[in-house]
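Participant: Listed in order, the protein sequences are those of chains S and U.
Start counting at 1 in the first sequence, then tack on 886, and there's your number in the working numbering.
Start counting at 1 in the second sequence, then tack on 6, and there's your number in the working numbering.
These aren't lab readings, by the way, just hints derived from the structure by calculation.
On a predicted model such as this, the values are computed, not experimentally measured, just so you know.
A couple of the hints might just be wrong.
In silico lysine-lysine, DSS-like type, Cα no more than 25 Å apart, as pairs [said to hold, decoys possible]: (1) S:Lys941 / U:Lys105; (2) U:Lys63 / S:Lys952; (3) U:Lys11 / S:Lys906; (4) U:Lys21 / S:Lys927; (5) U:Lys105 / U:Lys74; (6) U:Lys48 / U:Lys21; (7) S:Lys927 / U:Lys74; (8) U:Lys77 / U:Lys21; (9) U:Lys11 / U:Lys77; (10) U:Lys11 / U:Lys74; (11) U:Lys77 / U:Lys105; (12) S:Lys900 / S:Lys941; (13) U:Lys63 / U:Lys11; (14) U:Lys117 / U:Lys74; (15) U:Lys74 / U:Lys48; (16) S:Lys927 / S:Lys941; (17) U:Lys21 / U:Lys64; (18) U:Lys63 / S:Lys927; (19) U:Lys117 / U:Lys21; (20) U:Lys11 / S:Lys927; (21) U:Lys11 / U:Lys105; (22) U:Lys105 / U:Lys21; (23) S:Lys950 / U:Lys105; (24) U:Lys74 / S:Lys906; (25) S:Lys950 / U:Lys64.
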Amino acid sequence: GAVVSQHPSWVICKSGTSVKIECRSLDFQATTMFWYRQFPKQSLMLMATSNEGSKATYEQGVEKDKFLINHASLTLSTLTVTSAHPEDSSFYICSATTGGGGNQPQHFGDGTRLSIL
Amino acid sequence: QQQVKQSPQSLIVQKGGISIINCAYENTAFDYFPWYQQFPGKGPALLIAIRPDVSEKKEGRFTISFNKSAKQFSLHIMDSQPGDSATYFCAASMGGGFKTIFGAGTRLFVKA
């Protein structure tokens, strides 16, 4: 149980392109979803928290116009990297929880490796 | 005050040995302490978690020891296997929509 599917797993695109990443909870309803960015050999950096039907809460330093998050349903959240540039290349991971985002386990997707040429 | 300090940064253990990873926190309001295991190119997977009302939790070869007064908790992997080679993250969170704070991670390598 508690499976989170993330798609695509790998994307390569040209600079200036917008890229959409999907995160789906397959067997549970996700009250809260999180989006992380991870650099090689580093920890998870929280980018934003999204609750179904409301605007995402972005962490300090994360450009909300650059990283658009939509949590349209209890099973789907999307991250769109708009006008991507090489510095946006990274490993993006989503997670979902049934709780209020606090003291409940997070279930992670397998990540999306984004490479901008 | 919101940090979770994790050590060591990397760890090499012989097959069959015990792997020990330590974490420390400052905020006494944290009430949920999970450990995640991450293989290269994959997302983290919940391994085991503990709440501060117990001092130890064991699941198979994995044990969390929790010291509330010292504000420390640790992961013990008994009979370590090469398949346990991965990066391990400790974390801490609390209710009320508070975000989860992750440690810096420990890269474990178990030698066959």
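Participant: Between lysine 105 (chain U) and lysine 74 (chain U), is the straight-line Cα distance small enough, at 25 Å or below?
Facilitator: 20 Å, holds
Participant: Are the Cα atoms of lysine 48 (chain U) and lysine 21 (chain U) separated by 25 Å or less?
Facilitator: 23 Å, holds
Participant: Below or equal to 25 Å on CA atoms is what counts here, so check lysine 950 (chain S) against lysine 64 (chain U).
Facilitator: 41 Å, violated
Participant: With the threshold set at 25 Å, check whether the alpha-carbon distance from lysine 117 (chain U) to lysine 21 (chain U) stays at or below it.
Facilitator: Distance ~6 Å between lysine 117 (chain U) and lysine 21 (chain U) Cα, so the pair holds.
Participant: Does lysine 927 (chain S) sit within 25 Å of lysine 11 (chain U), going by the straight-line distance between their CA atoms?
Facilitator: 16 Å, holds
Participant: Check whether the Cα positions of lysine 927 (chain S) and lysine 941 (chain S) lie no farther apart than 25 Å.
Facilitator: 31 Å, violated
Participant: Sort out whether lysine 105 (chain U) lies within 25 Å of lysine 11 (chain U), counting only the CA atoms.
Facilitator: OK: lysine 11 (chain U) and lysine 105 (chain U) at ~16 Å, within 25 Å.
Participant: Between lysine 117 (chain U) and lysine 74 (chain U), is the straight-line Cα distance small enough, at 25 Å or below?
Facilitator: 33 Å, violated
Participant: Does lysine 21 (chain U) pair with lysine 927 (chain S) here, judged by a C-alpha cut-off of 25 Å?
Facilitator: 23 Å, holds
Participant: Check the hint pairing lysine 21 (chain U) with lysine 64 (chain U) against an upper bound of 25 Å on the C-alpha distance.
Facilitator: Within the cut-off at roughly 20 Å; holds.
Participant: For lysine 63 (chain U) and lysine 11 (chain U), compute the direct alpha-carbon distance and say whether it is at most 25 Å.
Facilitator: 21 Å, holds
Participant: Just to be careful, I want the Cα atoms of lysine 900 (chain S) and lysine 941 (chain S) compared with a cutoff of 25 Å; is the pair within it?
Facilitator: The hint is violated at about 29 Å.
Violated hints, in rising order: 2, 3, 7, 8, 12, 14, 15, 16, 18, 22, 24 and 25; the structure is consistent with all others.
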